[in-house]
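Protein chains: 2
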Amino acid sequence: MLDICLLGTGGMMPLPHRWLTALMTRFRGSNLLIDCGEGTQITMKLQGWSFKDIDQICFTHYHGDHISGLPGLLLSIGNSDRTEPITLIGPKGLLKVVNGLRVIAPELPFELKFIELEEDVQTIEINGYVIDAFKLKHKITCYGYSINILRQGKFDAIKAKELGLPVQYWSKLQHGETIVYNNKEYAPELVMGGVRKGLKVTYCTDTRPVDNMVYGAYEADLFICEGMYGEPTEQTNAVAYKHMTFQEAATIARDAKVEELWLTHFSPALVRPKEYLHVAKQIFTNTKIGKDRMTKTLKFSD
Amino acid sequence: MLDICLLGTGGMMPLPHRWLTALMTRFRGSNLLIDCGEGTQITMKLQGWSFKDIDQICFTHYHGDHISGLPGLLLSIGNSDRTEPITLIGPKGLLKVVNGLRVIAPELPFELKFIELEEDVQTIEINGYVIDAFKLKHKITCYGYSINILRQGKFDAIKAKELGLPVQYWSKLQHGETIVYNNKEYAPELVMGGVRKGLKVTYCTDTRPVDNMVYGAYEADLFICEGMYGEPTEQTNAVAYKHMTFQEAATIARDAKVEELWLTHFSPALVRPKEYLHVAKQIFTNTKIGKDRMTKTLKFSD
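These protein sequence lines map, in sequence, to chains A and B.
All the letters of the first sequence, read from the start, carry residue numbers 1 to 302 under my numbering.
All the letters of the second sequence, read from the start, carry residue numbers 1 to 302 under my numbering.
Hints should not be assumed to be uniformly reliable.
Which copy is meant is left open, because identical chains are indistinguishable; a pair holds if it fits in one copy or across any two.
With a straight-line cut-off of 25 Å between C-alpha atoms, the simulated SDA-like cross-links for lysine to any residue are [what the hints assert, rightly or not]:
1. Lys137 <-> Arg82
2. Lys52 <-> His278
3. Lys242 <-> Glu107
4. Lys96 <-> Ile126
5. Lys139 <-> Arg82
6. Lys139 <-> Leu108
7. Lys45 <-> Asn212
8. Lys139 <-> Pro109
9. Lys299 <-> Gly78
10. Lys291 <-> Leu15
11. Lys288 <-> Thr141
12. Lys242 <-> Arg82
13. Lys242 <-> Leu108
14. Lys139 <-> Asn79
15. Lys161 <-> Met1
16. Lys291 <-> Gln47
17. Lys96 <-> Asp255
18. Lys45 <-> Glu125
19. Lys139 <-> Gly100
Quick caveat, the hints were computed from the structure, so don't treat them as lab data.
Build the full structure now, drawing on both the sequences and the hints.
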C-alpha cells in the first residue's frame, strides 16, 4: 500500500491559496518527499502526515520554488527530535546547494546523506522504495522520478508441500533466502512465482516534453506532471520558459499508457486551471486537475 | 503618515494559521521590512502591500524563522521587474548568510546593498526613515530596531513676512535651504520652529530583557515585542532559550513609557495567547495580543 499526497500545485511562487508543487509518499513507515518549496512544511502539517518520518527527499532541480523550504523543514524535523539520518537525492550540485542553504540551519540532530545523480537514468533502492530518476529538459539540469514498490511472486504452498518442506522454512523462502533442509539446498525460485505488478507513481516537473518521460512514466498507476499553462495559446511561452501545456502533458500520459494523470505546477496567472481540463481530456480521458493535498492510496492489484 | 503591518506573529516555525513574525512599514512610497521567515511573502500578498516597493530589509538575527523566506522573496521581487537596488541591514555576517541563501537565487534584476551593523547602537538614515539599531541578548547576535520618522519645526509665515521674504523663497527654506535675497543670506532657522515630535515604532525579537530595549523603545508610539511565553510558569524556559514572557515585555513597555504594546513571536505551544493577556495588562494596560496582519497608521500629532 502506497499513500500519495500532492502537497501543492503551484509553480514559480507560493500563493495565499496555492502551495508550491511537492509530493509526499508513505510506505511501511518510511516517508519520501519530492521537492520542498517555501511553505511545503505548512501544507504537510495541514495534511497531518509526519515530517519526522521523512527518510528521503528527492529534488527535481534547484530553482527556488522547488527547494527554498528545505532549511525550514530540516529545522522543524530537528525540533521533532529525529536522530536517524535523512538521505537527500538530486542532480549534481546537491551538496553545494544544500550547504549554501544550511547557513541558517548549521546544527541538526541528524546526519544528512547525499546521493548526487550522475547518469541520465539512475535507480536507487532505499527503504523499500525503488526510485528511478530520469533526466528532463529544463533551463537547468532537472530530473523526473518514478517511485516503485516492487512485488515479489506469489508463494506456491502446494509446491512447497510437494517438496516436503516444513512450514517453519516457508517464511525464509518468501523473503528470498535459500534454505538447507535434510542436507539439500532449496532456492526461493522453487516455490515463488514470477514477479507480479507492483505500484508506480511518476512525478515530472519542470520540463519540456521529452522521450525520457514516456519511458519513465510507462504504465504508471499515477502520473503527476506539470501543466504550467492551460490555454493552448500559451504554447509559445511553454517553449520559451521550458515548461509544458496541458495538451503536452496529456500526450505524454497517453503515450506512456498510464492509468491516471494529475496536472500540477500551475502558473500564478492560471487562476482557474479547471477551465482547461477539457483540453487535456480530449487527449487523455483520465486526467485530473491537481489540488493541494489531493491524495490517493495505491494497492496491489490482487 | 507611517503605515505599519505586523505580517505574522509566530516563532520557531510557520504554522497553518500563524505566519512567522515580521514587520512591514510604508512611508512616502518606500516600504521597509524587518525579518523575512518562510511564508512572509505570502502573508504580505494577503495584506496586499506591494513587495515591489520594498527598498530596505532589516534582519534582527539569522535564525531560520527570521530569514528563511529571503531567497523566495527576492525571486518574487525580481519577477515584479524591479530594477532599483535594495538595501539589506543586519548583524555581522549578513553578506555571508545572504550569499549562502542566494545559491538558489543567483540572478536578480536589481542590486543588493549591504549594511552590516558593527556598533551596539547604530543609526542609519535611508529614504526618509531614521533607523536606530540596538543590540539585544539572544543565543546569537541580535538587534532591535526603532523606525523613526522625524518631523521638522513648523514654518513661521508671519516671521517670513516680517523679514520681507517673497513667497517663492518659502519652499526652499522649508526644505532646509539657506537662501540669498537682496544680497543677504537667510538661514532656515530664522523661519522654522523647533523640531516637533515625529513617529516611532520599535520592534524587538528574539531576546532576554535588556536595558537597551528601554532606551531603544523610549516613548515609542508603538512597541512590538516578543512574548514567546504567556504562562508565567514558563519563566525558566524563557531564561533557558533566551526569550521573554508577557510579563517581561510589559515591564519594558512600562519602563520605556511607550504608547502601545503589541505582543508577538508566540511559541507554537502557545495556542491561545489571549488567555494570558491579563498577565501583561496588569503591568502595562495598553497591551494587545498581536494578530497576523494587524495594522496601524501613525500620524503626526498636530
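A quick look at each hint next to the structure:
1. Lys137 <-> Arg82: neither (36 Å within a copy, 29 Å between copies)
2. Lys52 <-> His278: neither (39 Å within a copy, 36 Å between copies)
3. Lys242 <-> Glu107: Classified as between: cross-chain Cα gap 18 Å, same-chain 37 Å, threshold 25 Å.
4. Lys96 <-> Ile126: within (23 Å within a copy, 35 Å between copies)
5. Lys139 <-> Arg82: between (35 Å within a copy, 22 Å between copies)
6. Lys139 <-> Leu108: between (32 Å within a copy, 16 Å between copies)
7. Lys45 <-> Asn212: neither (33 Å within a copy, 38 Å between copies)
8. Lys139 <-> Pro109: The answer is between: 18 Å across copies meets 25 Å, while 35 Å in one copy does not.
9. Lys299 <-> Gly78: neither (32 Å within a copy, 44 Å between copies)
10. Lys291 <-> Leu15: Both. Shortest intra-copy (13 Å) and inter-copy (20 Å) distances satisfy the 25 Å Cα cut-off.
11. Lys288 <-> Thr141: neither (28 Å within a copy, 50 Å between copies)
12. Lys242 <-> Arg82: between (38 Å within a copy, 23 Å between copies)
13. Lys242 <-> Leu108: between (36 Å within a copy, 19 Å between copies)
14. Lys139 <-> Asn79: between (35 Å within a copy, 16 Å between copies)
15. Lys161 <-> Met1: neither (30 Å within a copy, 89 Å between copies)
16. Lys291 <-> Gln47: both (13 Å within a copy, 24 Å between copies)
17. Lys96 <-> Asp255: neither (37 Å within a copy, 48 Å between copies)
18. Lys45 <-> Glu125: neither (27 Å within a copy, 41 Å between copies)
19. Lys139 <-> Gly100: Close inside one copy (21 Å) and across copies (22 Å); limit 25 Å.
Taken one by one, the earlier hints fail for this structure at numbers 1, 2, 7, 9, 11, 15, 17 and 18, listed in ascending order.
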